[in-house]
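Q: Position chain B against the provided structure of chain A, taking the given hints into account.
Just so you know, the sequences run in chain order A and B. Note that UniProt numbering numbers the first sequence so that position 290 is 290, with each residue one more than the last. Note that UniProt numbering numbers the second sequence so that position 249 is 249, with each residue one more than the last.
In case anyone wonders, no lab produced these hints; they're calculated from the structure. Remember, it's a predicted structure, so these values are computed and weren't measured experimentally.
Identical copies look the same in the list; a pair holds intra-copy or inter-copy alike.
Derived pair list, reagent style DSS-like, types lysine-lysine, alpha-carbon separation capped at 27 Å:
id : residue 1 : residue 2
1  : K88       : K11
2  : K101      : K43
3  : K190      : K88
4  : K101      : K88
5  : K101      : K44
6  : K101      : K78
7  : K115      : K44
8  : K216      : K200
9  : K43       : K71
10 : K321      : K308
11 : K308      : K78
12 : K279      : K71
13 : K279      : K190
14 : K190      : K236
15 : K208      : K242
16 : K335      : K239
17 : K78       : K88
18 : K335      : K236
19 : K279      : K236
Number of protein chains: 2
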Amino acid sequence: MKRITIYDVAKEADVSLATVSRVINDSNVVREDTRLRVQEAIKKLGYKPNAIAQGLALSKTTTVSIVMSEKLFAYNAKILNGLMDVAKIYNYNIMFHTTSKGISRMQDVIESIIKSRVDGVILFNDNFSQEEMEVLNDYQIPTVVVGSRIEDNGIETVGNVYINFEQLAYELTNRYFERGIDDISLVEDKLNMSTMQQLKAGMERAFKENGKEFTKYISYDETYKSSYAFLTEYFKTHKPSKVVVTLRDSQAIAMMNAGTEAGYTVPDDAELICVLNSKYLMMTRPNVSTYNVPEYDMGAVAMRLLTKMLVNDESVKNNNKINMSYNYMPRQTTKD
Amino acid sequence: MKRITIYDVAKEADVSLATVSRVINDSNVVREDTRLRVQEAIKKLGYKPNAIAQGLALSKTTTVSIVMSEKLFAYNAKILNGLMDVAKIYNYNIMFHTTSKGISRMQDVIESIIKSRVDGVILFNDNFSQEEMEVLNDYQIPTVVVGSRIEDNGIETVGNVYINFEQLAYELTNRYFERGIDDISLVEDKLNMSTMQQLKAGMERAFKENGKEFTKYISYDETYKSSYAFLTEYFKTHKPSKVVVTLRDSQAIAMMNAGTEAGYTVPDDAELICVLNSKYLMMTRPNVSTYNVPEYDMGAVAMRLLTKMLVNDESVKNNNKINMSYNYMPRQTTKD
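With the rest of the complex left out, here is chain A (with noise of 0.2 Å):
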């Protein structure tokens, strides 16, 4: 008899692998008719989930690394989610590595992933340079980056799943233009700096094509404490743009505080937009306006992109940068 997979359950609901892992892992953010479509599937066709491991214990081992910095961690826990899921369901083992200031450079994990001889690697961005990936290149280690969009430089065996950040700043930028605003900041993340280039990018490709420069780019320092300080100072002196836009939450909350105790009013003085969602921005009131990314779904995707490429299947060969996408979740820190 043919062993029941997750596949076959996926294809049965008519849904993608990553939905049913999270029917399975009972993550609430499965529409309920697609739950109960998954879990009929479950029962007509009597797959066990534990059932995957033991299958697949009898081939050879692959043994795949991931890549982050210590420092975003909880902040990527979701991505690293649905990472292990799906390396669970291919049964991978996973070798992971950390990069932190002073203790552990990059080039010394490239060359223990090296040393080890990893069959993949996961990268989250910001990790890395250009010529690091082009070490493993040559090695031919297979490598997916996830996060946001690395420059595309013909690096075959290279893929990249990845918010488009820029696109995202530039229609933030607009739809305020569109309602005459202009005065619009952006809070630095010295965590991301990638992804933080990337949407001043954005803003700066708006602004020139209105006819404006974009000057507003808020540097301070990277912890809430920090920052708290720093924006309790700074708004004895200034006011808060119109807009103010920031990548993580506690820079959001950091914002809103400050600003609060300073006598301004969010959403009336100043509006709030953070890019990067997390519930702590439900917790606050009011809650903050911010955008949906499908994290875990980026975290599922890359793995199973890397499963592709490890047996050089033809379909992801001029195909393995896969754009994400998000939606924009007005709340109460927005007027829109």
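A: Positioned in the frame of chain A, the structure of chain B alone reads:
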């Protein structure tokens, strides 16, 4: 003597890492003069590219498995940082395993650990049963459990780096008894039941010693959204206790938001303590009182303990249960 790396060669020859790698790999896209310069540098420094493989054969690489629950990834980030930094110092390979409901059970992870013949294991608490730990013990795999205290069951190969949550809750409760307050609630966290049981036991001990009975153990859903919804309903018919204790930040903030919106004031109507600290507890108004727990140190100490267990260090033979200190950090949600 410092080990010569590919980076030293690149520096010496004044070329990129990628170029050195191409020369080593006999790629023909390198210009002849560059190739010669790189080869000279290799010779001068005594760099041995193939030493990697030879080295692996002679001195065995130590591989350690880290096992944690997917759902607690974000919460364990600092402990993981401590683990990874010390692992890096010892040049360990880290195999990363996660457990997640329906997709990977602990028993599958254990099986995979045994199969891949890792040298040692770090387990986060709440991921395993006594039985599973005994399996690791049977295979003589040194294991360190990090987080809360495990039963002392005479399993020699299992170390433990922990916070004594029972004692913490006992002291907390007695502090309120001294102020004449015994209306204390403890809010359940389903993601972390072994820690919850220890907190509950500590409260029960304090109540019992004072001739009373602890009854206010509040059980509800694990996510912020559902707990906020639950509490909003709850406060329509109930008053909050004089003192509310939660384990994680999202539960504390749910409590504060729902309570405030129901017309109660923190700390006047209800004092609030969140046992596990996070930066988000400083972003609320008022700031939430908490405990300072040395999370990074717990990870670092756990990995260091494992390194000693791996070499059968005598000093840890009967001394591998390490009780980490904590201290109370009153802020604005408590009156003391």
